[in-house]
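Sequence order for the protein chains is A and B.
Note that the first sequence covers residues 1 to 281 in our numbering.
Note that the second sequence covers residues 1001 to 1100 in our numbering.
Please note that a few of the clues may not be correct.
As the list claims (entries may be wrong) - Some chain B residues near chain A, calculated using beta-carbon distances under 7 Å: (1) E1012; (2) R1027; (3) P1033; (4) G1037; (5) I1041; (6) P1074; (7) I1092; (8) F1096; (9) L1100.
Said to hold, decoys possible - In silico DMTMM-like cross-links for lysine to aspartate or glutamate, where the CA-CA straight-line distance does not exceed 25 Å: (10) K69(A) <-> D1094(B); (11) K1019(B) <-> E4(A); (12) K63(A) <-> E49(A); (13) K258(A) <-> D1094(B); (14) K185(A) <-> E128(A); (15) K31(A) <-> E1067(B); (16) K69(A) <-> E1049(B); (17) K1008(B) <-> E1018(B); (18) K248(A) <-> D208(A); (19) K1015(B) <-> E1063(B); (20) K206(A) <-> E178(A); (21) K245(A) <-> D212(A); (22) K58(A) <-> D19(A); (23) K71(A) <-> D1094(B); (24) K1035(B) <-> D19(A); (25) K155(A) <-> D215(A); (26) K1008(B) <-> E16(A); (27) K37(A) <-> D1017(B); (28) K31(A) <-> D1094(B).
These aren't lab readings, by the way, just hints derived from the structure by calculation.
Yeah, the Cβ is synthetic: ideal placement off N, Cα and C, and Gly gets one too.
Each chain, letter by letter, is given below.
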Amino acid sequence: MMNESMYEKLTEALNERKDTFLLTITSHPEKQLIGAKALLWPDGDFYTEDPISLDLNKSLIEKCEKLMKKKRSGTIHLQWNEVSIECFAEYFPAPIHLIIAGAGHVCEPVAEMGRMLGFFVTVLDDREEFASRDRFPLADQVICRSYLHYFQTVKLSDKTYILLLTRGHKFDVLSLRELLKRNEKPAYIGMIGSRRRISGVFEELKQDFPDDCFDQLYTPVGLDIGAQTPSEIAVSIMAEILKVKNQKSGHSLSEKVKKYAKLGFQEGGQNGAAATHKTRN
Amino acid sequence: MEQLQLIKRAIEIRKGDEKAALASIIRTKGSTPRKAGGRMIIFDCGKIEGTIGGGCGEAAVIEKAIEVLQSNLPAQHRVDLTSGLLYEDGGIMDIFIEPL
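Next comes chain B alone, as it looks inside the complex (with noise of 0.2 Å):
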């Protein structure tokens, strides 16, 4: 199930040596790349698995992860599309960040 790899990908990270953390979409609002439950790992030299859809609001989310990475603390973050020249018409994604 598709919906279950990047869940099951994270637990086969936690056993190996790196540091990574999973960010889940709890929460949307308006017009959004990707729906709740979507998923993306993010290991702590940057690397990532699976997408929350892409552009500039992946890459805030990749920060704050880094940051979860090093308080070793869960997290969570708001993607808001909706101010940006560029998204016609763009929504909010709440992003639960938990290290690994």
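The shape of chain A in the complex, shown without the other chains (with noise of 0.2 Å):
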């Protein structure tokens, strides 16, 4: 099993948002090497404390080249020196980056909700009584600094989910521009505002930046679920994080169920069959 220091390893490397590999050796013809275990880093760094040999780690790495790849878990063969390995390579994606710019009122209950959800969550505002431990104690990080420094070095990558909540719609609009003009793209931009002054904000965006199509851009923020409270806004919110990462609809599960149900869908009935496959699929 793995002990404390490689647990500790693992939770660092997941805490610097670095995707990593648990790999357990599940069998081989040496007895002790059976639960062996190691971490890997898509970049080729290994730790182990395990007597895993330098020539068994190499093939060990590059047999994981494809799932890391891949992003995914999976089991691997590999012969080496006439004996045969079975390993099992773990994926633990490193947590989404969850930056909520403004420490207002709707930022509360995001933070919390993000922490529930495993994010790492950041929290940002440039007014030190806003931006302080005791409102937000569940969050990673609490951090005082202006908007645009901030947005001018984070690191942003497809794991990097940005909202901007500031108190004027000036901080939300110059944060933004300051996040399109940089080469990586963060997975998603959620900025809260009503629809006629976002729809203005638009047109000089797209004056100043003709070639960007705003594919990350989600704004007015959250889905139509008519939120009120900054708990009900904070739900919205998280629901379309939760769809852009997964990819999905944003509708009602129900909704496909019963549309099968008016073409007369019935369990065991002449058309039931057809039905029900469809469903599932």
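Got two chains here, each in a separate frame; can you build the complex from them with the hints?
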């Protein structure tokens, strides 16, 4: 079994938002090597405390390359020095980085729900009294800094989800411009605001960034569930983030079933077989 | 992170006096209740934490885990859900069981 120091290495890497693979040798002619563990990172970094030789190490890394590219768990088999070895490579995806700019009243439930969903949550505000630990005890990071500076340098990737919920619309728009200038793209930028205001912003952005199709930009933010209170707005925003992350429609699951019901869906009925089959696909 | 929770528990348990084994799904084929990376801790009294999907497959893994605890050697076990009448579209799961 994994020991404590290896567990710490694993959590440390995930907190630094590095995708990590945990390797477990599940079959080996030498009994003491069954259950041996190692950590492997996509950049080729390797860590083990078990007597896995350097040669075997190399072969394992090579064999894992496909899984690392596909970003998924799997079992690999290798013939090494005439012995056959099986190894389970488990993918631990780095958590999503949720950056909430603007530590106002909507930010509180959003930060809390973000943690509930296992995201790495950063709360950002340029006012000390708002960006305070007391207000966000659960957040992974609470940063007091100017929005512009932060967004000029923060690491952006397909794991970065950004919410612009600042006190003034102009801060949101300025932050957004800064983000659109960057070469790296986040997976999601959600910006709060009324429809009327936002259409104006879009007009301006289209002039300044004519090549951008604003695919990652979601504004007004959230799914249409009639959210009013900060908690309701947080649910609407989080539902949208999950929808984007999981690449789903955001529709009610029951919708399809109701449609089939209208077509005469009946279990065991004549149309039943076809309809059941469709719902499974 | 949910994925880490049972590993963290296993490390805690190892520090204590209780004897237990960790079962991890390492491969699945077809329709199975849980996928690779699903985990369960089995204590020598038969008590469990976590799940690899419940049902008779899980019961067999518990039994195998007790054997692992007696021998103190890791083992693999295959859960085949394709043959039972109860499972319309069952699959196969391979489980790796290691003593803590």
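### Restraint check, 7 Å cut-off on beta carbons, for G1037(B) near chain A
holds (5 Å)
### Message
With the threshold set at 25 Å, check whether the alpha-carbon distance from K1035(B) to D19(A) stays at or below it.
### Response
Judged against 25 Å, a Cα distance of about 19 Å means the pair holds.
### Query
Quick one, are K63(A) and E49(A) close enough, alpha carbons at most 25 Å?
Roughly 20 Å separates the two Cα atoms, so the pair holds.
### 25 Å Cα cutoff - pair K1015(B), E1063(B)
holds (24 Å)
### Message
K37(A) and D1017(B) were given as a pair; does the straight-line alpha-carbon distance stay at or below 25 Å?
### Response
Roughly 23 Å separates the two Cα atoms, so the pair holds.
### Task
Double-check L1100(B) for me: the hint is only fine if its C-beta lies closer than 7 Å to a C-beta in chain A.
Status holds, d = 5 Å.
### Query
Is the hint on F1096(B) kept, meaning its closest Cβ partner in chain A is under 7 Å away?
holds (5 Å)
### Interface hint status, E1012(B) versus chain A (Cβ within 7 Å)
violated (10 Å)
### Query
Can the hint on I1041(B) be confirmed by a CB-to-CB distance to chain A that is less than 7 Å?
Violated - the Cβ of I1041(B) stays beyond 7 Å from chain A, reaching only about 11 Å at its closest.
### Query
Given the hint that K58(A) pairs with D19(A), does the C-alpha gap stay at or below 25 Å?
Status holds; Cα separation ~19 Å.
### Query
K258(A) and D1094(B): Cα distance at most 25 Å?
The hint is violated at about 38 Å.
### Message
K206(A) and E178(A) were given as a pair; does the straight-line alpha-carbon distance stay at or below 25 Å?
### Response
Given that 25 Å is the threshold and the Cα spacing comes to 15 Å, the pair holds.
Going down the numbered hints, you'll see the structure goes against 1, 3, 5, 7, 13, 14, 16 and 18, while the others check out.
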